[in-house]
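S.K.: Sequence:
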Amino acid sequence: MSAALALEADRVLAAGLGLDAMGWLVVPLAPLVAALLLLCWRDRVTPWLWLGGVPALLAAFWPPAAVPLPALWPGAEWGAD
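Heads up, the sequence shown is in numbering that gives the first Met the number 0, so the first residue is 0 and it goes up one at a time.
Each hint should be verified, as a subset may be incorrect.
To be verified - Label pairs and their calculated CB-CB ranges: (1) R41 to W72: 42 to 48 Å; (2) W47 to W23: 20 to 26 Å; (3) T45 to M21: 26 to 32 Å; (4) L31 to W72: 40 to 46 Å; (5) L38 to A65: 35 to 41 Å; (6) W72 to P46: 42 to 48 Å; (7) W47 to W72: 36 to 42 Å; (8) W72 to G52: 32 to 38 Å.
It is worth saying that the hints were derived from the structure and are not from the lab.
Computed from a predicted structure; not experimentally measured.
The beta-carbon is built from N, C-alpha and C at its ideal position, and this holds for glycine as well.
The whole structure should be built from the sequences, with the hints applied where relevant.
M.R.: Next comes the structure, spelled out in structure tokens:
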């Protein structure tokens with residue numbers, strides 16, 4: 000990874016977008032993991048299947064974090080004006 004990309008990644012993580020992005024990544028992955036587990040261990044997974052939709056419900060009712068536009072790319076504010 001080049002030094003410029005490393006600095007950009009550090010800047011984005013410092014802006015607080017790293018953990019939030021990982022949190023939002025759980026939303027589409029939780030039902031997929033539940034489906035894979037259902038294929039392997041149907042009897043053990045069936046009582047817990049309802050938990051696959053919990054991240055999506057939380058994402059629907061939990062407001063997203065404010066994204067600081069300068070953390071995205073220079074000039075992102077121009078499109079917001």
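S.K.: Determine for every hint whether it applies to the structure shown.
M.R.: So, going through the hints one by one against the coordinates:
no., hint, verdict
1, R41 to W72: 42 to 48 Å, "holds, 46 Å"
2, W47 to W23: 20 to 26 Å, "holds, 22 Å"
3, T45 to M21: 26 to 32 Å, "holds, 28 Å"
4, L31 to W72: 40 to 46 Å, "violated, 30 Å"
5, L38 to A65: 35 to 41 Å, "holds, 39 Å"
6, W72 to P46: 42 to 48 Å, "holds, 46 Å"
7, W47 to W72: 36 to 42 Å, "holds, 41 Å"
8, W72 to G52: 32 to 38 Å, "holds, 34 Å"
Hint compliance for this structure: hint 4 alone is broken.
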